[in-house]
Amino acid sequence: MGKKIDLTNQLIDDFIDYQQTVRALLALVALVVHDGHTRRPNTHFGFGRRMTTSNSNMFAPKTDVTPDLVVQKQSDYGIIAEVKRSLERDQNRWTTILEQLRKYDDNLKGWWTKNEKIQHRNTILLLHQSRSRTFVKYTETVLKKDKSLFGPLSSIIEFGENQERQVFYHFRLEYGKIDDKELNSKLEEGIQVPIEKVVETLSNIQYYDGDPPLLLVLVNLWSDYFPSLIESDCYDPESRTWNIKASISETVNEIQKAHGSGALQADPRSCQFPRKDAIKSAFQFLVDNKLAQPTTGEKNSAYTIKYRKIKADIKEYFAALISKKSKGTTDISGQMYIPGL
Amino acid sequence: MMGQIRNEREEKKFLSFIGAVFRLKDEKHILNALDGIDIPRPYGLKIKVVYSPNDPVSVIESMAKGGLIEQISLSTHVFLYKSKTLHVRGIEINTPFLVTTLPVSEMGSRVAAIVSICNRDGWRILKRLFANQYPQIVPILLSQHELLNAIEELKIKTRCDVRITSRSAKENLKVGKRKERKSVREWTDETLEEMCRTIEERGQILTSVDAEFYQTIDDHAHITPKAICKIRKDGEIEVSGSFKLAYDSVALYIASVGDKKLRFYDNRGLREANYKPKPLSINYSQPVFEDLATVRSLVTTLTKYRNSMHTVIHGNPYMHVRITDLHDGSSFEIWAIPPKRLAIVPGLKATEAAVGRLIHFIFEGFREGKVESYGEKD
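In order, the protein sequence lines correspond to chains A and B.
Residue numbering for the first sequence follows the numbering used here, beginning at 4 and increasing consecutively.
Residue numbering for the second sequence follows the numbering used here, beginning at 4 and increasing consecutively.
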């Protein structure tokens, strides 16, 4: 039997984790594509980009894979990154992370070059600072038994949020090596990317390829998307609600354009996020809690949102509502949570 | 000059006269007549400068078509608002007013002045009428800096000696062990420069200023003011004496500042901006976010924003708050990261009125700064 913790707090932690992961990925992008003053020419990046493995791939030959981040610094160098915001408590399950990394350490096809391949590359595992050392020790132990589990171009980079006077994301190379000399020297010493730079350039990005927590989707819908659909004649003074018409497909489409994949460079290899399922779950939750109702007789998953003012902090309100539905506690025996993330 | 109405008969006679003024054949004649009128207390000549994303005159005309107000003449934009006063036993009151477009931009008319002669009750119900038209009719909200500039503008135009006779402000006062922000009204007799020093020393945030303008010749000032003006931060002017002076300088200045500002805030929402973020920043000359208590106080202030919802995503040591304006569904993310800058990132919808209201609230409840597009050099 695992330890029970307060679900409301856990939901809020997950909410913050996800947002900080998005910003950490954006900060890493900034580190690669910017030279400190301007964006380098011919740089590209994509979240969850569909890449194709080679015939000789150790775990999945000739298969499509979707790493969290693909970022190309120049026409002959790029980085594949996978970010882990939490690690499972059971270390025996950590091998899947190494296997995933090994799968990406390959001559993948899908880069922004003529033949979609790239001459020089690295594959990195981006881990929060609180767990990076433990994972590096684990990796060293595993490699003593089987060296092939860690690719020749792979490395582990820790990241964290420095919350002193100035807020930075810091990155430091913890294991392996980066082929690009400039990046290697910066990452070996440890480098800080000011969070304000991320806000300045990519302030609208709120999602990455990873599935967003229900709480995050609900908060974004309630505080940004639904109110933007308010019409002057949709207020019902009796129930003190606005009856807002919304459909899942239109919501997915606009959220992707404004805060997800549509706000980034797109081509046939780009993936779409947040996915329809995440939005659909949020709508279902609202229906279950009488905050929305399906519009009968209409196709295309149309709903009437019973929109009303939430006096409390919206995030805390929905966290408490989800928690109440789940009876307030959860079993976290399988998860190791990263404090402060 | 400026007597007082002594009885009902006089009031009836005066109201009849005012009715005649507003029924003059065109706007020019009405404005000329208003310039020479001596208005007895408790009546006053009031001006409110308003903005509309569409033409404000046509918005007000559509209010007349909808039966909310009555258009007195088809050749002028003069209207009559009949309503009960806001007291428990409200009495029927008729308030005539003129709407005149203020020519401050070549990009079409978005600002207008609402001009009326009425008593306090009449003005209150008229203001409520227009407040209910938000966001079709938007008040022009001035910063303290702009309010002081409006007085300076009048001073330069009239070449008069300016005396400040009273001011309303918000000030942090000690109540027991705690400091609370209180509204204060103080009567004084000082120059504009003296008042600026006083408000800076006491950390006051002005709400309105009453100023008297004395004609001067070779540094000798007249004993009777040429004009008396009360200017409020919500774009209202109350005039005694020369209406033309107040209209040509203060009203036009407020209109020009408001129009420029609201056009700058326009098209910031992601949907309108084709999903390209257009963040704004409030820049401060001194570092203000180095102190954690200041960051926390801003978070507390933002959670008290009227008719809104909030979520505090991060409150310590930096601030990240999302605000949803329930007047029109606009939303914003507000970040305080570097010590001298506050970032305002508009969400899917962000009307110019909502941007202006939020910035005004931050100026009033926290502190004033310089608004620029985020990333612009100071």
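One should not assume that every hint holds.
Ranges of calculated distance between the beta carbons of each label pair, as one might list FRET restraints [stated by the list, open to error]: (1) A:A269 to B:P342: 49 to 59 Å; (2) B:L176 to A:T41: 25 to 35 Å; (3) A:N165 to B:L71: 54 to 64 Å; (4) A:E234 to B:L71: 12 to 22 Å; (5) A:N165 to B:K279: 27 to 37 Å; (6) B:E109 to A:Q296: 25 to 35 Å; (7) B:R266 to A:E234: 21 to 31 Å; (8) A:Q296 to B:K182: 13 to 23 Å; (9) A:A269 to B:V178: 53 to 63 Å; (10) A:A269 to B:N270: 45 to 55 Å; (11) A:A269 to B:E375: 57 to 67 Å; (12) B:E375 to A:S89: 53 to 63 Å; (13) B:K279 to A:R53: 18 to 28 Å.
Quick caveat, the hints were computed from the structure, so don't treat them as lab data.
No residue lacks a Cβ here, since even glycine has one placed at the ideal position from N, Cα and C.
These are the hints, each one checked on the structure:
Distance hint for A:A269 and B:P342: a CB-CB separation of about 37 Å, inconsistent with the stated range 49 to 59 Å. Between B:L176 and A:T41 the Cβ separation comes to about 50 Å, which falls outside the hinted range of 25 to 35 Å. Take A:N165 and B:L71: their Cβ atoms lie about 57 Å apart, and the range 54 to 64 Å holds. Remark: the range hint 12 to 22 Å for A:E234 to B:L71 is upheld by a beta-carbon distance near 20 Å.
In this structure the supplied range 27 to 37 Å holds for A:N165 paired with B:K279, their Cβ-Cβ distance being about 29 Å. Evaluation of the 25 to 35 Å hint for B:E109 and A:Q296 yields a failure: the beta carbon distance comes to about 49 Å. The hint said 21 to 31 Å for the Cβ distance between B:R266 and A:E234, and at roughly 25 Å that hint holds. Distance hint check: the CB atoms of A:Q296 and B:K182 are about 48 Å apart, inconsistent with the given range 13 to 23 Å.
Checking the proposed 53 to 63 Å range against A:A269 and B:V178 shows it holds: the Cβ atoms sit about 57 Å from each other. One distance hint, 45 to 55 Å for the beta-carbon pair A:A269 and B:N270, is violated here, with the actual separation near 24 Å. In this structure, A:A269 and B:E375 break the distance hint of 57 to 67 Å, their C-beta atoms being roughly 31 Å apart. Judged by the Cβ atoms, the range 53 to 63 Å given for B:E375 and A:S89 is violated: they are separated by roughly 39 Å.
For B:K279 paired with A:R53, a C-beta distance near 25 Å keeps the hint of 18 to 28 Å intact.
The structure shown violates the earlier hints numbered 1, 2, 6, 8, 10, 11 and 12.
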